[in-house]
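So the protein sequences, as listed, match chains A and B.
Position 14 of the first sequence, counting from 1, maps to 14 under the UniProt record's numbering, and the rest follow consecutively.
Position 15 of the second sequence, counting from 1, maps to 15 under the UniProt record's numbering, and the rest follow consecutively.
Careful: at least some of the hints might be erroneous.
[Unchecked claim] Simulated pairs of lysine-lysine, DSS-like, Cα-Cα distance not exceeding 27 Å:
hint, chain 1, residue 1, chain 2, residue 2
1, A, Lys116, B, Lys244
2, B, Lys28, B, Lys203
3, B, Lys309, B, Lys244
4, B, Lys244, B, Lys229
5, B, Lys229, B, Lys309
6, A, Lys20, B, Lys203
7, B, Lys203, B, Lys72
8, B, Lys310, A, Lys116
[To be verified] Part of the chain B face toward chain A, derived, beta carbon under 7 Å:
hint, residue
9, Val7
10, Leu10
11, Gly100
12, Leu251
Since the hints were derived computationally from the structure, they do not count as laboratory data.
Keep in mind that this is a model prediction, so the values were computed, not measured.
Every residue, glycine too, gets a C-beta built ideally from N, C-alpha and C.
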Amino acid sequence: MTQVLSALLIWAAGFALNVKLANGPAHDTAATRTAIPVIFGITILLMWELLVRGLGVPTVILPPPSLIAETFAANLGTLWQDFTQTILKGALSGYLIGILAAFGTALLVDRYDFLKRGLLPIGNFMAALPIVGTAPILVMWFGFGWQSKAAVVVLMVYFPMLVNTVAGLQDTTAMQRDLMHTYAATWWQSMVKLRLPAALPFIFNGLKISTTLALIGAIVAEFFGSPTQGLGFRISTSIGALDLGMVWAAILVSALAGTAFYGLMTALERRMTFWHASHRK
Amino acid sequence: MKKVLPVLTLVLGLIALWYVAAIPMNIKEVLTQAERDGATITPASAQERRDLSNLSLVLQNPGQIGQSWSTKRPILPAPHRVVAELYDSTIHEELTGRRGIVRSGTLSNRSLIYHGLVTLSATALGFAIGATLGIALAIGIVHSRVMDMSVMPWAIISQTIPIVALAPMIIVVLYSIGVQGLLPKAIISAYLSFFPVVVGMVKGLRSPDHMQMDLMRTYNAGQTTVLSKLRLPSSVPYLFASLKIAIAASLVGAIVGELPVQKGGLGARMLAGSYYGQMEQIWAALFMAAALAATLVWAISAAERATLKKMGMAQ
């Protein structure tokens, strides 16, 4: 009971602190901007721990964060192998292939109007489809190794990336294109000097969407067959053994990988599209 | 016509490519079958064929090409076989099957119509939960700086987590505390669909410019009036754009949610097909899912057009 009460107290204290920070004089500084979500996160974690212990929730249903951290620390070796198998081999290689293929197609689509009118509606349609459904087929074709996971990832990231890149390449004004024309710029010159830089915000949007899709694709594909390592394999087998600490540790790994991957793309975006309106102060 | 022709050409091209690809993909199975039926093939034994590439096998046995489009156990079924399977497991099954709707009065549990409806109901429920939650969260974020600063970063981080990885666990855990049926799947759908709605709605609710906000202030309008008369109406185009993304995501969530519990649905059909090597069944379920996604997105677009027209916002 005391634990439940203290959980509520911590919630109230964290919330009051955040309200004070957000409405205080320093609410626009970078420090406050990081502090508020961090305080929020810590409050949630503490409440989770105290409520699970205080209410006696069985660990099979929801393990407390301390148990997850313990399992995580105790199984670093296994989890690292899973990470290499799923993220580095499956997701990352598929991501690179898919992005490059989509980029190449986008250049072709941009060059030939016929392709643009034919391929874009199909691309838009395909981007809305549940591509995850092709996972069983691709696992059957490419085997249980990382190749089949990479294939699923390629299909998943291809269409969002294609649609975004093509949209970005069209994001120049007639005035800008006319200027390139008066310079007698060739197609390649105007592509490299004007249209690719102008397309970067859209391209990064596609890259960011694709990071999550890549991880989802690689993990779900493992449910349909995998070698005896990998995050998807770890999750599905640990559930079977009711080892919920391990399940959550695997989820923690994928969450960390996903956040790091996304953060990397955001950092790259900040560096490369510093001129864009959304990044100017 | 100018729009249809390129799309049609590319679709026909893709189908042609599919037929061509089916030849080398299926050739090994076809040759094994032909050997059993007593045909002469080069090279004669399966052992020798195993080490040869599929392409050279096709070139050495051009007479068997036709078979690769009609073989019983294809690696890549030809398009007309998938369409036939789709027909068999929908219309044919319901009209003439022992468990079909005509003979038994209920939808057959072997038909894709039944499984499609299972998936559709989970998708719809999850979408409804996710969209409501998303809109509520967006309204909170727009009105409270604390929520904006504390929840928004976590909402973004929550989407970088491959949540689908959680699907089997959520379902098994909810199952163990007695929640079964639609709700567990709908929760996964809701999780996937709430984020696009939050992002779109926050943008939409903040889209009225200074001039409009100032006008509301000169009217001495309260926060609720500003919300109902200005913010919500001007957020409608943003809402529909994000609803389209959300419903597609919701369908993915429902399909993935059906994988761990084999209780019907398109995801369950796909997993069953993958266990028993029934490629045609997987493809048919995939086509059904594609048709479902297209219909759902189309329905939202239709609602969008009608609403915007009624509000006088259509271009």
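Comparing the hints with the structure gives:
no.	hint	verdict
1	A/Lys116 / B/Lys244	holds (22 Å)
2	B/Lys28 / B/Lys203	violated (55 Å)
3	B/Lys309 / B/Lys244	holds (18 Å)
4	B/Lys244 / B/Lys229	holds (24 Å)
5	B/Lys229 / B/Lys309	holds (18 Å)
6	A/Lys20 / B/Lys203	holds (25 Å)
7	B/Lys203 / B/Lys72	violated (53 Å)
8	B/Lys310 / A/Lys116	violated (32 Å)
9	Val7	holds (5 Å)
10	Leu10	holds (4 Å)
11	Gly100	violated (25 Å)
12	Leu251	holds (5 Å)
Checked against the numbered hints above, the structure violates hints 2, 7, 8 and 11; every other hint is satisfied.
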